[in-house]
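Each chain is listed here by its residues.
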Amino acid sequence: MANNRWGYPDLGFGIGLRTVHFEHILQNNPKIDWFEVLSENYMDTGGKPLYVAEQVAERYPVVAHGVSLSVGSKDPINFDYLRKLKDLCKRLNARWVSDHLCWCGVTGMNTHDLLPMPYTTEALKHTIERVRAIQDFLERPIALENASTYLEFSVSTWPESEFIAALAEEANCGILLDVNNVYVSSYNHGFDPKQYIDRIPKDRVVQMHLAGHTNKGTHILDTHSDYVIDAVWDLYRYTYQRLGGVSTLLEWDANIPTFDVVHGEALKARRFREQEDARKEAPELEEVPAYGD
Amino acid sequence: MATNPGLEQIQRWMQACIQYQGGYEEALTSEAAQAAIPAAEARNVVLPSKTLTPMERLDIYRDMYLLRMEEALSIDFPSLKHFLGDDEFMKLVARYTAAHPSRSYTFNRFGDHLVDYIASLDDLPKKDFCHALARLEFALTTVFDASETPALSPEAVRAVPQDAWETARLKPIGPFELQAFDYPVSSYIGAVDEENPFPRVGKKKTWVVCYRRNFHVHRMNLEQPAYELLRALASGQTVGESIVSVLTQKWRPAVKQSLLFDWFRDWMSEGLFQAVELAEAR
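First to last, the sequence lines map onto chains L and V. For what it's worth, this note's numbering labels the leading residue of the first sequence as 493, then goes sequentially. For what it's worth, this note's numbering labels the leading residue of the second sequence as 1036, then goes sequentially.
Excised from the complex, chain L in its bound form (with noise of 0.2 Å):
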């Protein structure tokens, strides 16, 4: 059943598509829920990552998610861009299409990272009319993920979740919730996860996204290179209870082991889920007074 306002189903636990799983997942057709497609890795060529991504999108549910929309950016929207993943998408069926509350790039530059916006009102304002124009190129709702981020501008003036909850509510995106990006960002500028997690409007979420990461100690950077942590697990949850079933991903992207390790990675989050599920479900005990009392 969908929370969010579209409609979009939750697909279950899925895992991103990735170089070193493509024989494996062609000749065993291993049973997993959906996979998440990095856009820009098929919209430029004519080899065997389209021709893998086609053959997968023919056997399970695809979602395309991107790194290049560099949506903060006040360089002009590429256009180019845009109607390559369009095709993408229509090419993949992709259910929906993603990227990251950023910026990549200015003067026709793209240093190819997420890099941080300032969270204040000119900021929100030019993001919104952008997210508009590039949902009414693709014709359909985007979904922004709040990328991790490893500094603050110090004139930003609203904290993050606020932004990215009034970014979607104005500009009438969804929201690519990444519970270790939460936690990662809450740990490098000292916030409270939940209270982020609190603050996202439920009916915006399509996606959650969980990962590794590397703690460097002074700040923990989102390397995707390792299991999940418990204390993102325990975030996972806590959003879990909050916001209900949303179609969750597991992201392994760098030294990345064989594809049953990280889909079994994946499948944690349904356990975290079905005890969340039989918790609630268990009638509730009426307190035994003590002997004695």
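Simulated from the structure, these hints should not be mistaken for lab results. Computed from a prediction, not measured in an experiment: that's the story for all the values here. Don't take every hint at face value.
Dumping the calculated EDC-like pairs for lysine to aspartate or glutamate here, alpha-carbon to alpha-carbon at most 16 Å [stated by the list, open to error]:
#1 L:Lys708 to V:Asp1098
#2 V:Lys1161 to V:Asp1217
#3 L:Lys540 to V:Glu1183
#4 L:Lys540 to V:Asp1180
#5 V:Lys1085 to L:Asp684
#6 L:Lys566 to V:Glu1043
#7 L:Lys578 to L:Glu654
#8 L:Lys617 to V:Glu1043
#9 L:Lys708 to V:Glu1091
#10 L:Lys576 to L:Glu654
#11 V:Lys1291 to V:Glu1263
#12 L:Lys708 to V:Asp1094
Let chain L serve as the given structure and place chain V on it in line with the hints.
Here is chain V on its own, set in the frame of chain L:
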């Protein structure tokens, strides 16, 4: 400049700092950064955390920038990296990135200028070999990403009347790159990829066709006459013209007719052509 910089100023400033190769003090005072936010005010743009100063936080992004560029180029040019070694390759990446920062939404285009950039350098160790190696690796990435075209089927080949071949033209598949080199760079890539013995990197004329078959990228080393024949065919000459152009050259040793048949058989079985165009059909 206003005390509270706007979105555009912040983005231009941060990008300038990230792309500047050097210490953060120099980054803040660089021309590009100061054009957006003067250095005196720049120290207040980023907040400190409990554990990091503003500049240490900015350095996280600065440090990752070149590493990401290096990773992208090492995927497309792994043998060049192997030849140069990690440090020298990183130096090349840093210089190349400064000269040709990425301007595309995809990393697939980032290495487009590397071959020409290497040619322009005066101080790269064994530059001519590096240039040839980069040229071959770029051809391989081009073949990897080219649009798929179906190869000519054996039935289609058999359907061509015997007397039509002389005036027929063979059209190469999309993922097809023909290259000539002054160094044994294909053997070098073979040594890196397939753990073959490393060749001497001294001058030696070599010829290679790169192509894709069943979505796998291949290299086929060629003799010079075979390269010339394939080049003539790929340029649109008829089969007859192409063969004559090869046979009329004074090769040592001479090209035997049986060798021509062997080449055509190999090329057809490897699926190097997508169509045969008959003279009447043109």
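Here's how the hints hold up against the structure:
The hinted pair formed by Lys708 (chain L) and Asp1098 (chain V) meets the criterion: a straight-line CA distance of about 14 Å does not exceed 16 Å. With a C-alpha separation of about 13 Å, the suggested pair Lys1161 (chain V) and Asp1217 (chain V) falls inside the 16 Å cut-off, and the hint holds. Restraint check for Lys540 (chain L) and Glu1183 (chain V): satisfied, since their Cα atoms lie roughly 9 Å apart, inside the 16 Å limit. Only pairs whose Cα atoms come within 16 Å are accepted, and Lys540 (chain L) paired with Asp1180 (chain V) is accepted, the gap being roughly 8 Å.
About 15 Å separates the Cα atoms of Lys1085 (chain V) and Asp684 (chain L), which keeps this hinted pair within 16 Å; it holds. The suggested pairing of Lys566 (chain L) with Glu1043 (chain V) holds, with an alpha-carbon distance near 6 Å, which does not exceed 16 Å. Restraint check for Lys578 (chain L) and Glu654 (chain L): the C-alpha separation of about 29 Å exceeds 16 Å, so the hint is violated. Note on Lys617 (chain L) and Glu1043 (chain V): the hinted pairing holds, with a Cα-Cα distance of about 13 Å set against a maximum of 16 Å.
Pair hint Lys708 (chain L) plus Glu1091 (chain V) holds up; C-alpha atoms about 13 Å apart against a cutoff of 16 Å. The suggested pairing of Lys576 (chain L) with Glu654 (chain L) is violated, with an alpha-carbon distance near 32 Å, which exceeds 16 Å. Restraint check for Lys1291 (chain V) and Glu1263 (chain V): the C-alpha separation of about 15 Å stays at or below 16 Å, so the hint holds. For the proposed pair Lys708 (chain L) and Asp1094 (chain V), the alpha carbon gap of about 14 Å is at most 16 Å, so the pair holds.
The structure is inconsistent with the numbered hints 7, 10, although it conforms to all the rest.
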